[in-house]
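Enquirer: Take the sequences, apply the hints, and build the full model.
2 protein chains.
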Amino acid sequence: MNPKRYLPILQWLPGYGRATLGSDLLAAVIVTIMLIPQSLAYAMLAGLPPEVGLYASIAPLVVYAVFGTSRTLSVGPVAVVSLMTAAAIGQIAPQGTPEYLGAALVLALMSGLMLTLMGVARLGFLANFLSHPVISGFITASGLIIAASQLKHVLGVEAGGHNLLELLLGLAGSLGQVNAPTLAIGLSVLAFLYAARRWLKSALVRLGVPGRPADMLTKAAPILAVAVTTLVTWRYGLDERGVAVVGAVPAGLPPLTLPGVDSGLWSQLFVAALLISIVGFVESVSVGQTLAAKRRQRIDPDQELVGLGTSNIAASFTGGMPVTGGFARSVVNFDAGAETPAAGAFTAVGIAVAALLLTPLIAYLPIATLAATIIVAVLSLVDIPAIRRTWAYSRSDFAAMLATIAVTLVVGVESGIMAGVGLSLALHLYRTSRPHSAVVGLVPGSEHFRNVERHTVETDPRLAILRVDESLYFANARYLEDTVMALAARQPGLAHIVLACQAVNVIDASALESLEAINARLKDSGVALHLAEVKGPVMDRLQHTEFCHEMTGKVFLSTFDAWQEPRGESDGSLSRRCAELQMGATLDSPIDDSTHPHPRMH
Amino acid sequence: MNPKRYLPILQWLPGYGRATLGSDLLAAVIVTIMLIPQSLAYAMLAGLPPEVGLYASIAPLVVYAVFGTSRTLSVGPVAVVSLMTAAAIGQIAPQGTPEYLGAALVLALMSGLMLTLMGVARLGFLANFLSHPVISGFITASGLIIAASQLKHVLGVEAGGHNLLELLLGLAGSLGQVNAPTLAIGLSVLAFLYAARRWLKSALVRLGVPGRPADMLTKAAPILAVAVTTLVTWRYGLDERGVAVVGAVPAGLPPLTLPGVDSGLWSQLFVAALLISIVGFVESVSVGQTLAAKRRQRIDPDQELVGLGTSNIAASFTGGMPVTGGFARSVVNFDAGAETPAAGAFTAVGIAVAALLLTPLIAYLPIATLAATIIVAVLSLVDIPAIRRTWAYSRSDFAAMLATIAVTLVVGVESGIMAGVGLSLALHLYRTSRPHSAVVGLVPGSEHFRNVERHTVETDPRLAILRVDESLYFANARYLEDTVMALAARQPGLAHIVLACQAVNVIDASALESLEAINARLKDSGVALHLAEVKGPVMDRLQHTEFCHEMTGKVFLSTFDAWQEPRGESDGSLSRRCAELQMGATLDSPIDDSTHPHPRMH
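Taken in sequence, the protein lines are chains A and B.
In this text, residue positions in the first sequence follow the numbering used here: the first is 1, and each later residue adds one.
In this text, residue positions in the second sequence follow the numbering used here: the first is 1, and each later residue adds one.
Warning: the hint list may mix true and false statements.
Same chains, same label: a pair holds when it works inside one copy or across any pair of copies.
Derived SDA-like pairs: lysine to any residue, alpha-carbon spacing no greater than 20 Å straight-line [claimed, not checked]:
| id | residue 1 | residue 2 |
| --- | --- | --- |
| 1 | Lys4 | Arg490 |
| 2 | Lys4 | Asp302 |
| 3 | Lys294 | Gln91 |
Calculated directly from the structure, the hints in this document are not laboratory data.
Expert: This is the structure in structure tokens:
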């Protein structure tokens, strides 16, 4: 056991020097400025008090620096996970109650334990079942729901709703109560942030600011909006004119909290915790990998699970909420020059200082400002071109994406993900259950075989060669039987059927029984069954089966051999009966893992 | 629309002649003799009155003759489906109540509608997800449970239980109340049937009876046991000495029944009906295919669904129970010379005559006789060699089989099937999520590439060729990223990575995004990504993607080209940049659906 694998901090801490310290400190300052409004906003999105967002941005970052493998990932509250948190714990208790807060801690703990366990058990591959179209559709739909859920804060009205339709209807019904000062603040911040995102960087560059600082300044726009709107609200007493503000936030370091261990609550939150874990992990690991590759570094997905898991456990014991690696923040961290996870630990110190000293200042921070921050941030999650691209590339991927979006918007986040995963699995299985196969014939003057329906090729009424373009397993075993038997029924003079297996990576027990059935049925009708181009690992298994004994035909090295020999044009030296294989005849070179067994080589 | 396809009776009825009639009549007589005790016994197994078994062997057979495509399948009650019926409706109402009978009708109707709908919607492929090891394990476990559930009748005791353990414990606890005459009858019948199965045929052959009639006589042993034990029980008044008998059975044709349409009941029975449909269909279609192939006939699985579906609907309206094609009976029907489904219709007439005239005679038929008939029949379902074979062939198939057996025995039939299907899908997905891949090198003096770890091959520190032995889809997309990036990280001098795609049958949208990510990350680290041997249908799709534009490398016809050109040993005429492909450069012959794109051919 290599301690550096399980404690990645040991990889970089011993060699930590002054130059790295400088880079990390600078990145930490910039990320802290960006994280303060984000952590407040995402806590609000999750229906939690603002300080919870700050707390979730302290201990988890320190823990991630110890256990995480990405050098630049910025852990903390993120939009989609906050939305999922709200959806999950909203079913447990009403917002503002101690039960609601407690459920957030339990959710973070469960998600942390699940992630850690998945990492230790090397179950990171589970995240693979969230296909790209499903995750992309889910994030787009989440972005729309989050934006819709924040509009009420920009308008200064009361409205509820758990899905897009309810949210929009709720807003429509409350348009009469719009609070003008709130709307003014909300729209100004929206316009400012949108403009900053759109034009600030190029404007700064035109003013002579170098590219990277200009970028950093642009990313600091939200903190400017926070500062200005807080000042204005305080100066003009707008909170007394109906502008909702954050209010008194306790100053101080994160409290020590003990998540509950009520088994009822745990089982209620189980599915939500699992989905939050997987979605958070997928998001985080793809950011981490993208950034690591830019510097030719590697991250270890299984250790990442441990890193994110322990971060969430830390969040649950320090008054936090579920966290993961955030996309925008990580990019900023990377661009600002962070070189090691120490940058994250320094960010934690920055946020801790903010929690100690700055909280009195944000009492007058308008909720509308935070809502506008969220809206501008999440609208970039809505990825319409991805939908169009998926439609163009693959209808079945598009179907999974559309199902995810529709169910997420209409029913909810958990159902949306599950519908997408279910449909993409079902479509994948459906596709492999009816694999592409082709009857092939010899291209004249060559040793190559092509689809008889697409090319002018030689065929022989006594012999049919069927190429199967898929591994043979239970879902398509019967389809293979049907295809072969239909072929035999169609060609009455047939004496030989060859299955060309170059694309067959596996033959499972069901497919083996189908091959046995095919062999027996073909035998009853006087047709021999041959195999050609069977891969090494597949042949290794077949050799010890009854099928191999009972097979009426032979195993040919190449399709060309299978074309010649049964028709009496070859001496048969390049084929073997299975029985011979089992008698110990060595066939090392003909039947191995090579890509192209080819007569020339032997 | 071809009426012969949807009404298969039109295929054989017009040409029906006297010779065929003779063969079919003979087969019908033999099957009737076999079916009478079976239908009584399987009705009892399902917890239903004996006449229900007879009723289920009349109308369904006639309807199957119209809609079914197998010439020799014998439809009616079968052991496994009867067990599943008992398990399903046992949860609705206690045996002997009108609700229990009604639930059996509803189950038959639901199963009939499901099968018919699946047939019309061509959803027969759904049955493929029941893998051979799962169905084999399920049938073995069912055989054990059925045998255990019938032991109490042989012993003449009262005992209950829903799984093997409960059944055996129940029996153990009631051994004190064994009824001696019942046990005598039960053991005699068991011994007689076992002996008949084992030795009767060869004895008859030795006595000069030809093989086929000897076989038929052997199959008639149960009716002999029924006749003899009924006579003995009646003659010696054994029913008054504690021998449980069938009792009064109403004489007459099947009643017209109307299955209930209570939505609560329907939703309670939904899963059971679906599983019964699929298990029944899988059993039936495999018998049908095996027999059809022996005479070079074909059955149409989708039309078979309609045939079995309408048979079950007919059962539900004529006082029956769920039915399907029985293995042993169909083989007897085939061997007895049945040539068309008319044999089934004649069998129905035979059973109808029995229902009209013979029912008074079976009042004294001991339950122990029927139980012994069932036990001998189902023990042949227990297939231990299949378990051993599966273990030897594939550990993952064995795991699915074992899970099915264990859960079926310990929990129940429905859970058993679902556990098996779930596990086999999960294992399949797990396997394809970590596909076999190999870094390959050039076999000296050839154009062939093999695994560098297994063979002495040429490699180049600047170029790595990775062969992926699986279609690329969401479950393995990230694994591909990891594999490629690990390869790049391992070989610092690398300038080119080639993915050899001859075993890649599909690249879905997730895998495409992974390829984009790989391309971008490799670009960041100064490595070009090339593809080789991309199949036609896969390339068709890739051509219109952004990835194709952004790809840093080229698409090579063959791995050998990919080996030569980046290293400056070729003129590049056999590769194309994706951009060129999209500009309209025709590449018909290099990139098509052929198995072996090869330079020689162009």
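Enquirer: Run every hint past the structure and note whether it holds.
Expert: Now the hints, each set against the structure:
no., hint, verdict
1, Lys4 / Arg490, "between (64 Å within a copy, 18 Å between copies)"
2, Lys4 / Asp302, "within (14 Å within a copy, 58 Å between copies)"
3, Lys294 / Gln91, "neither (42 Å within a copy, 61 Å between copies)"
In this structure, the one hint that does not hold is number 3.
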